[in-house]
Amino acid sequence: MTWVYVLPKKSDVAETVKTDWLPMVERQQDRLVKAIRTDRGGEALTHVGEDKWVPYVEWIGRKLKVDMLRMPGEPTNPKEAWEGPNGKEWKKASDEEMGSIIENDTFDLVNLPPGRKAISSKWLFKRKTDADGNIERYKSRLVAKGYQQQEKKDYNEVYAPVVKGTTLRTLFAAAAIKGWVVKQMDIVTAFLNGVLEEETYMEQPEGYNDGSGRVWKLKKALYGLKQAPRQWVLLHWLRTPFFMALPST
27 MTWVYVLPKK
37 SDVAETVKTD
47 WLPMVERQQD
57 RLVKAIRTDR
67 GGEALTHVGE
77 DKWVPYVEWI
87 GRKLKVDMLR
97 MPGEPTNPKE
107 AWEGPNGKEW
117 KKASDEEMGS
127 IIENDTFDLV
137 NLPPGRKAIS
147 SKWLFKRKTD
157 ADGNIERYKS
167 RLVAKGYQQQ
177 EKKDYNEVYA
187 PVVKGTTLRT
197 LFAAAAIKGW
207 VVKQMDIVTA
217 FLNGVLEEET
227 YMEQPEGYND
237 GSGRVWKLKK
247 ALYGLKQAPR
257 QWVLLHWLRT
267 PFFMALPST
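Going by the numbering used here, the final residue of the sequence shown carries number 275, and the count climbs one at a time with no gaps.
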């Protein structure tokens, strides 16, 4: 992911990162940033002791690596989530995730063919907070364990095009100069719209297993699948009449 800030002075970088960029990243990721490292070996620790800060290094023109911390109190498994203090909220979030998967016609429930292996899945639980850190909603996501996929059986191509950083910087520079309004949008359960080309099988998820021994034959992508980004970009966006690929990208 690339962030671009147009700042009038070099001395504004550290303060902008601390007061603007860092809180934004922590809100988006539902994590605390533990450390930020540059590609030239510099490092800045963020939350140290009683929320103290270690002075920032020079970051201009450098690539940053961010280490994230799990937010306190976030469940690590369904039992902890659904049977814990906020079990009702977490279970509702999981039901909504399953509802989206079913509504998008993501799978067929079938018997596993001979010679094929079904991958498993994992539930992830996140709290979404506002700018002041107040909980806005509980988010649950079902993620396929893509590392269990077998090449040439469960997937083939995994390459997915992305926008070049130079293209984004050009766009933002032009917007800053001409006073344009730049907007972004978020697609809910985006990868569920990508149609799969390969036969991929997955075990029924924890908490939603009917006990029949059958598995999901995935018709559309799930988060975690190796080919999910490719199916979303190439087989969905680039086939719509409203978007086109940039020649530079």
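It should be emphasised that the hints constitute simulated quantities derived from the structure, not laboratory data.
Note that beta-carbon positions come from the ideal geometry of N, C-alpha and C, so glycine has one too.
Keep in mind that a hint or two might mislead.
Below, computed lysine to any residue pairings styled on SDA-like, alpha-carbon distance capped at 20 Å [said to hold, decoys possible]: (1) Lys-114 - Lys-143; (2) Lys-148 - Gly-205; (3) Lys-143 - Pro-49; (4) Lys-154 - Tyr-249; (5) Lys-117 - Ala-144; (6) Lys-171 - Glu-232.
Pairwise CB distance ranges (calculated) [said to hold, decoys possible]: (7) Val-221 - Asn-103: 24 to 32 Å; (8) Tyr-234 - Leu-197: 39 to 47 Å; (9) Glu-162 - Asn-137: 38 to 46 Å; (10) Asp-212 - Tyr-173: 35 to 43 Å.
Going through the hints against the structure:
1. Lys-114 - Lys-143: Judged against 20 Å, a Cα distance of about 34 Å means the pair is violated.
2. Lys-148 - Gly-205: 44 Å, violated
3. Lys-143 - Pro-49: 43 Å, violated
4. Lys-154 - Tyr-249: 18 Å, holds
5. Lys-117 - Ala-144: Distance ~25 Å between Lys-117 and Ala-144 Cα, so the pair is violated.
6. Lys-171 - Glu-232: 13 Å, holds
7. Val-221 - Asn-103: 24 to 32 Å: Check passed, 31 Å falls within 24 to 32 Å.
8. Tyr-234 - Leu-197: 39 to 47 Å: 42 Å, holds
9. Glu-162 - Asn-137: 38 to 46 Å: 42 Å, holds
10. Asp-212 - Tyr-173: 35 to 43 Å: Between Asp-212 and Tyr-173, where Cβ atoms are some 26 Å apart, the hint is violated.
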